[in-house]
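Undergrad: Modelling step: build the complete structure from the supplied sequences, incorporating the hints.
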Amino acid sequence: MRCVAHTLIGIRVQGFAPSAPKLLRVNPTLTRTWSAILFDLDGTITDSAPAITNSLARTFALLGRPVPTDAELMAYVGPPLLAAFGEYAGMTPDEALEALAVYRADYQGPASLDTAVYPGVAGLLERIHEAGIPLGLATSKPEHTAIAILTHFDLAKYFTIMVGATENESRSSKADIVAEALVRFEAADVDTSAVVMVGDRIYDAEGAAANGVPTILVEWGYGSPAEAALATAVVHSTDQLAKLLLG
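For what it's worth, the UniProt record's numbering labels the leading residue of the sequence shown as 1, then goes sequentially.
If you're looking for bench data, these hints aren't it; they were derived computationally from the structure. It cannot be assumed that every hint is accurate.
Straight-line Cα separation of at most 20 Å, SDA-like style, residue types lysine to any residue; simulated pairs [claimed, not checked]:
id, residue 1, residue 2
1, K243, A194
2, K157, L113
3, K157, E126
Each pair of labels, with its calculated beta carbon distance range [what the hints assert, rightly or not]:
id, residue 1, residue 2, range
4, E169, G123, 32 to 42 Å
5, L62, A116, 22 to 32 Å
6, A101, A131, 33 to 43 Å
7, D191, R58, 35 to 45 Å
8, H144, A116, 15 to 25 Å
9, A131, G64, 19 to 29 Å
10, L246, R58, 37 to 47 Å
11, D191, G64, 50 to 60 Å
12, G120, S170, 29 to 39 Å
13, R104, A226, 23 to 33 Å
14, A210, T151, 26 to 36 Å
Here the structure is a predicted model, which means the values were calculated and not measured. Think of the CB as a built atom: it goes at the ideal place given N, C-alpha and C, for glycine as much as any other residue.
TA: Written out as structure tokens, the structure reads:
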């Protein structure tokens, strides 16, 4: 059964800004019982921005294009890269495809593993797994690369399904990735009536919403205050996230 939207009323940490109040307001009557949980990868499980932006800088240099600033490169962390090359660098579709191929050739292998798991996340994934709640990965990163990263950090064992972008970009939007994750959950006999998405960017919230799935955004990723508008809840620590996922 396909997921339907659930509302977490009254749960909010106001804003992503460091100076914002770190208050988690929870409705005491709220029930948080999830049939399955989807996690984004970059900015949610792993701090992969340095590896991604370094590969992007090399990609622009290899293509003979001006290398964007570090701040400009951060805009590429999160959205599907094919679209990002067009939106932020003004590339034509053919140029974006070439840039994507160059980037992936540079990023695959050791470069993709130059990342770190956010503190507390591995322990939370283990707790969710031990609680018997099926876990799924829904990332815009190529699927084989995402699986390799989770395997490298010994986290793949906690996931029932792992879904990423296809190599030919036929599945690259977050909405399509979440939709495929729900299909794979169902194929694995996982109840999809109460799925929640955990991510850090507006793309996670939009993609989940397109499939009737609520989103919890984490502050430790790469999002901004404006991106929190579509989220059902925003948390600033793994302890807060654990309360929303495990009660």
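Undergrad: Going straight from one Cα to the other, do K243 and A194 come out at no more than 20 Å?
TA: holds, 16 Å
Undergrad: Is 37 to 47 Å right for how far apart the beta carbons of L246 and R58 are?
TA: holds, 41 Å
Undergrad: Is 23 to 33 Å a correct range for the gap between the Cβ atoms of R104 and A226?
TA: Holds - the Cβ-Cβ distance for R104 and A226, about 30 Å, lies within 23 to 33 Å.
Undergrad: Lying within 35 to 45 Å: is that true of the beta-carbon distance D191 to R58?
TA: holds, 44 Å
Undergrad: That 50 to 60 Å hint for D191 and G64 (C-beta), does it hold up?
TA: holds, 51 Å
Undergrad: When you take the CB atoms of H144 and A116, is the distance between them in 15 to 25 Å?
TA: With a Cβ separation near 21 Å, H144 and A116 satisfy 15 to 25 Å, so the hint holds.
Undergrad: Is the distance from the Cβ of A210 to the Cβ of T151 consistent with 26 to 36 Å?
TA: holds, 29 Å
Undergrad: Between K157 and L113, is the straight-line Cα distance small enough, at 20 Å or below?
TA: Given pair K157, L113 holds - Cα atoms ~18 Å apart, limit 20 Å.
Undergrad: Can you let me know if the beta-carbon spacing of L62 and A116 is within 22 to 32 Å?
TA: holds, 26 Å
Undergrad: Within a Cα-Cα threshold of 20 Å, do K157 and E126 meet the stated pairing?
TA: holds, 9 Å
Undergrad: Taking 19 to 29 Å as the stated bounds, is the beta-carbon spacing between A131 and G64 within them?
TA: violated, 52 Å
Undergrad: Measuring from beta carbon to beta carbon, are G120 and S170 in 29 to 39 Å?
TA: The hinted range 29 to 39 Å holds for G120 and S170, with Cβ atoms some 35 Å apart.
When held up to the earlier numbered hints, the structure conflicts with hint 9 and nothing else.
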